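This is what each chain is made of:
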Amino acid sequence: MNRIAQGLVLVLLGAAALTATVPTNMYLNWVKPAFGPFLIAAGVTMAVLGVWLVIAELRGEAEEHAHHAHTGDDEAVAEAYVHGGDHGHDHSRAPRVAWLLLLPVLAVFVVAPPALGSYAVQSTASESAAPPRPEGRSGQFDDGLEEAAEGEVVPLELRQFVMRAWIDEDRALAGRTVELTGFAVPADDGEGWYLARLQMACCAADAVVNKVLITDGAVPEADSWWTVRGTWVEPEGELYDVNEHRFTVTELEEVTDPPDPYE
Amino acid sequence: MSERTTPQHTHGGEPPPGDPFVPAREAELPPDDWGRRRGGRRTGTVWLFAALITAMAVGHAWFSDQLTGSAFLTWATIFTAICFQALPFLVFGVALSAALTAFVPTSAYQRFIPRKASRAVPVAGLSGALLPGCECASVPIAGSLIRRGVAPAAALTFLLAAPAINPVVMIATAVAFAGQPEMVLARFAASLLAAVVIGWIWVRFGRTEWLRLPSRPTDPGESKWRVFRESMVHDMMHAGGYLVVGGLAAATINVMVPREWLLTVAGMPVVSVLVLALLAILLSICSEADAFVALSLTDFSPTAKLAFMVVGPIVDLKLIAMQAGVFGWRFVARFVPLCLIVALAATFLIGGLIL
Chain Z
-11 MNRIAQGLVL VLLGAAALTA TVPTNMYLNW VKPAFGPFLI AAGVTMAVLG
39 VWLVIAELRG EAEEHAHHAH TGDDEAVAEA YVHGGDHGHD HSRAPRVAWL
89 LLLPVLAVFV VAPPALGSYA VQSTASESAA PPRPEGRSGQ FDDGLEEAAE
139 GEVVPLELRQ FVMRAWIDED RALAGRTVEL TGFAVPADDG EGWYLARLQM
189 ACCAADAVVN KVLITDGAVP EADSWWTVRG TWVEPEGELY DVNEHRFTVT
239 ELEEVTDPPD PYE
Chain H
57 MSERTTPQHT HGGEPPPGDP FVPAREAELP PDDWGRRRGG RRTGTVWLFA
107 ALITAMAVGH AWFSDQLTGS AFLTWATIFT AICFQALPFL VFGVALSAAL
157 TAFVPTSAYQ RFIPRKASRA VPVAGLSGAL LPGCECASVP IAGSLIRRGV
207 APAAALTFLL AAPAINPVVM IATAVAFAGQ PEMVLARFAA SLLAAVVIGW
257 IWVRFGRTEW LRLPSRPTDP GESKWRVFRE SMVHDMMHAG GYLVVGGLAA
307 ATINVMVPRE WLLTVAGMPV VSVLVLALLA ILLSICSEAD AFVALSLTDF
357 SPTAKLAFMV VGPIVDLKLI AMQAGVFGWR FVARFVPLCL IVALAATFLI
407 GGLIL
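Heads up: the protein sequence lines correspond to chains Z and H, in order. For the first sequence, the numbering used here assigns the number -11 to the initial residue and increments by one for each residue that follows. For the second sequence, the numbering used here assigns the number 57 to the initial residue and increments by one for each residue that follows.
Watch out, some of these pointers could steer you wrong.
Calculated pairs, SDA-like style, for lysine to any residue (alpha carbon to alpha carbon, straight line, at most 25 Å) [said to hold, decoys possible]:
id, chain 1, residue 1, chain 2, residue 2
1, Z, LYS20, H, ALA305
2, H, LYS280, H, PRO161
3, H, LYS280, Z, GLU45
Since the hints were made in silico from the structure, they are not lab data. Remember, predicted model here, so these are calculated numbers, not experimental data.
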């Protein structure tokens, strides 16, 4: 990989990072919103570095490098290095693996990967069966359910809802009307559907599924977004032993402009 | 392809690499038509990229209708997410390492880091707590520390400790495991212990020739900014290329491996720890996020979760690929098994004591 190629790869990579953050919000499909400024900074740094390298190269630093460079077959030289036989090296060239830096560029400009959706939920179905066990953290809810007046509709994130449903031994959720937003995932056995939302700590690779089963009404199309109002179906017996929580819907409305896909 | 060399001290009586005026090199001077050929190749490169950009534009128009396979898109999302999440850390690490190379004189390190390698190791381990970042940042930094004369064992200890015990990671762990301060303590203790022990083992048994560090010859007259730029480009190309390799592997495993089988072993005491350690290696989650994933693996014992958080920042696919890019495969083949064994031992020890 010669130096012009290295410079152009850096420029393209920088352009990809900037395209995903500045004119579009594509990066929200992959990472936390807080990463935005860092991605911009990284994109600018790479683009500047790439341009700087190309300019320097065109100005003729190449001739100097030629003095350092080995001539002849690159492969043979590389082979010699692997076996520790040769010690000189031409630091102006990059290994072939660096071409792979174009893959993220292709991903952004050609594929534009969407946010994770129903496929990811279905393929990780059993892993997401239960949220974190209490382990001394019950009573630590951030959902404002206690503060809300009786009879008031409480908007909850799915994460908060699922946490309540599994952990709250006082069952404060029982009988309360709550409002949840998420996307639809048809259940595997055809009985009803899940309202699901992915919770992300850092990037989509660590996304964790939160979902609730809805059995009344027609099954909506996979990956369509919905805001539902209704109540938690209070399970019998120990909360820990529940496999999945159910939700009775009273009102349901399709969301046309889905928010940040992750919680 | 020719970016390989052996460390400086093995050169013996050979002339120092990179000196452009060593007579032996004159035989290797390029032929007279070099400039023209090079010019031709440069133009060719520019054309190649122009073609690539055109192809991307066409591909975008064509693919956006064709690409509907959910499995592929899920894979693409996770791959892109891993790359772009790591990118700011990588750029930060590469810039810092280039600044260390270009602007900090070698004497500065000798003042701060004990000369004796066995004493430098714990110092390096603890200073890992100062660098906020994940493993993508620490690989190039460790490389530049070794080049600046820091004992390899100390630099490697820093490489292992920094992503595991820095303040950002500790806070993330404390947030994830709220109400379980012993988990944060156990993670800190086990990670630091593992990093220092690995450093000491490397002091005793490690050989410098296993490390393939580009000695990056610098002409005395070369400007510092140029050294900075060269160092940064060099590290971006090596560590960045292998980061993508790691991202490809991790995304594939993330999508392909069903997680059902995890649950079947959750109850077994030792096996469950090994399984989560393996999962940490395969998933290659950034150390700043792994605590949240560990928390979500609810059926596993605290020691198994600890293994996930201790092994992950020390050994994972992304890290292995990046280490191979910066230090070479000969190094990786020895260093990675060592890391894995020591990290597991530290997990069992600290997990047994604290959790």
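Evaluation of the provided hints:
{"no.": "1", "hint": "Z:LYS20 with H:ALA305", "in the structure": "holds, 22 Å"}
{"no.": "2", "hint": "H:LYS280 with H:PRO161", "in the structure": "holds, 11 Å"}
{"no.": "3", "hint": "H:LYS280 with Z:GLU45", "in the structure": "holds, 17 Å"}
Checked against the numbered hints above, the structure violates none of them.
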